[in-house]
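> The chain contents come next:
There are 2 protein chains.
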Amino acid sequence: MRYLIKFSYDGSAYSGFQSQKGLETIQEKMEDALTKINNGKKTNLVATGRTDKGVHALCQYGHADIDVNITEKKLKRAMNSNLPDDIHVIETKVVSDTFHARYNVKSKTYQYIINTNEYNPLERNYVFQYNYKLDVDKMKEAIKYFIGEHDFRSFVTDNKDKENCIRKINKAVIKEDHGKVIITFTGNGFLRYQVRNMVGLLIKIGEGKIEPKEVKEIILKKDRTKASKTAPAEGLYLVEVRYKTM
Amino acid sequence: MRYLIKFSYDGSAYSGFQSQKGLETIQEKMEDALTKINNGKKTNLVATGRTDKGVHALCQYGHADIDVNITEKKLKRAMNSNLPDDIHVIETKVVSDTFHARYNVKSKTYQYIINTNEYNPLERNYVFQYNYKLDVDKMKEAIKYFIGEHDFRSFVTDNKDKENCIRKINKAVIKEDHGKVIITFTGNGFLRYQVRNMVGLLIKIGEGKIEPKEVKEIILKKDRTKASKTAPAEGLYLVEVRYKTM
Numbered sequence: 573m574r575y576l577i578k579f580s581y582d583g584s585a586y587s588g589f590q591s592q593k594g595l596e597t598i599q600e601k602m603e604d605a606l607t608k609i610n611n612g613k614k615t616n617l618v619a620t621g622r623t624d625k626g627v628h629a630l631c632q633y634g635h636a637d638i639d640v641n642i643t644e645k646k647l648k649r650a651m652n653s654n655l656p657d658d659i660h661v662i663e664t665k666v667v668s669d670t671f672h673a674r675y676n677v678k679s680k681t682y683q684y685i686i687n688t689n690e691y692n693p694l695e696r697n698y699v700f701q702y703n704y705k706l707d708v709d710k711m712k713e714a715i716k717y718f719i720g721e722h723d724f725r726s727f728v729t730d731n732k733d734k735e736n737c738i739r740k741i742n743k744a745v746i747k748e749d750h751g752k753v754i755i756t757f758t759g760n761g762f763l764r765y766q767v768r769n770m771v772g773l774l775i776k777i778g779e780g781k782i783e784p785k786e787v788k789e790i791i792l793k794k795d796r797t798k799a800s801k802t803a804p805a806e807g808l809y810l811v812e813v814r815y816k817t818m
Numbered sequence: 573m574r575y576l577i578k579f580s581y582d583g584s585a586y587s588g589f590q591s592q593k594g595l596e597t598i599q600e601k602m603e604d605a606l607t608k609i610n611n612g613k614k615t616n617l618v619a620t621g622r623t624d625k626g627v628h629a630l631c632q633y634g635h636a637d638i639d640v641n642i643t644e645k646k647l648k649r650a651m652n653s654n655l656p657d658d659i660h661v662i663e664t665k666v667v668s669d670t671f672h673a674r675y676n677v678k679s680k681t682y683q684y685i686i687n688t689n690e691y692n693p694l695e696r697n698y699v700f701q702y703n704y705k706l707d708v709d710k711m712k713e714a715i716k717y718f719i720g721e722h723d724f725r726s727f728v729t730d731n732k733d734k735e736n737c738i739r740k741i742n743k744a745v746i747k748e749d750h751g752k753v754i755i756t757f758t759g760n761g762f763l764r765y766q767v768r769n770m771v772g773l774l775i776k777i778g779e780g781k782i783e784p785k786e787v788k789e790i791i792l793k794k795d796r797t798k799a800s801k802t803a804p805a806e807g808l809y810l811v812e813v814r815y816k817t818m
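Listed in order, the protein sequences are those of chains A and B. Okay, so the first sequence: first residue is 573 according to the working numbering, each after it adds one. Okay, so the second sequence: first residue is 573 according to the working numbering, each after it adds one.
Simulated from the structure, these hints should not be mistaken for laboratory data. Errors might be hidden in some of the hints.
Because identical chains cannot be distinguished in the list, a pair is counted as satisfied if it fits within a single copy or across any two copies.
Claimed, not checked - Each computed EDC-like pair below joins lysine to aspartate or glutamate, with the alpha-carbon atoms no more than 20 Å apart:
#, residue 1, residue 2
1, Lys665, Glu690
2, Lys645, Glu690
3, Lys625, Glu695
4, Lys752, Glu695
5, Lys646, Glu690
6, Lys625, Asp657
7, Lys578, Glu690
8, Lys740, Asp658
9, Lys578, Glu695
10, Lys798, Asp723
Just so we're clear, the structure is a prediction, and the values are computed from it rather than from any experiment.
All chains, please: the whole structure from these sequences, using the hints.
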């Protein structure tokens, strides 16, 4: 039976989502729990997508095929009792054998949190601490240029595969909430480091070093060296995933 | 010169505030940083009060006598560069030599957060996770009985010293915010575990096991065995301290 599993995690202690030999990853912890439940039969988890080292997820999905007969509720409970306390299964659902947690994705939403207040030690792994002023109005003006279908080559780090970099961003919003700047992107998919690279550019704009309208030119240049540095991982969250069919 | 130091910390990794041989404590980390700045001369920090293992502080104060000539701003910076990232100095201020960080306290405010939503792995050290329904209206009715001057003997754990347990609570409020129950107490001082023991009783009331009006009787009994168990440390924060004179 194929199960779609909705889960969340604190990425602070992990070398990212995807399994890597000799490193602690979220995928490994999830698959260890699944394998145990599936009577020791090595069980894979196919996730919506990877998240990098230090990035968090409030809503991540993956599918897994489990042979043992188990209800959705019991699978949730069994997963959580076999997972460390920084990874949590929110919900499980039986899906058809043709459902695919990556291919069936309609949209993903990422959120990035910048803290411009005094440093708070409780949030050290959960926000990007920025100790200077940001011109949020300029950032709001700039973020609009990301909306739509573009070739995001200028925002990809490590594009060794020379993959297709055309992606569509449906929604891009900046909100200010008591000294926190919250940047939200919804799109049909994101390239490696794309969100953190877009945020890096928005920060440069907030600093007044680049004008908002230059975003358009930077996108068109399709050259990573033209954009800004990557914003740190700890401020990034995968917050929502939508599927075409369930 | 005497400095009053305002600081915050994530209590998760520490065996409480107060120095204890062989254990990691917040006081030890603060005093190590102070001693380093004070040219190696062993420097003590006299804090507003202790917090227990796992308890957090968004606003804690302590005073220290420093011989070296250093501005308030530089002391803040020097402290933060010598502290681990889960302890943070917010502000420092030169005070008179007679100022005392504990004796001069006018009021302290503690907050306790109960999460009744789905477990969030990012908040695992910062809220008490409660997976059942709470009748918050009953809790609101009950909390009023704590206001005023009372002998809080029924809410003290480990009262070996047979100390005076009379304390005054000025303000006691419960708010609900998107599935979080936030309990705030302001008073002239709190006994060991008092807040967590009062919260423990409020939870029992929220569960419907005790009626709100029974709080009055439990206080009057002056017997710890009559109240409820201690709520866990991770939900508790010291959030404000006020002084009579600065």
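> Among all the numbered hints in the text so far, which are the ones the structure does not match?
8
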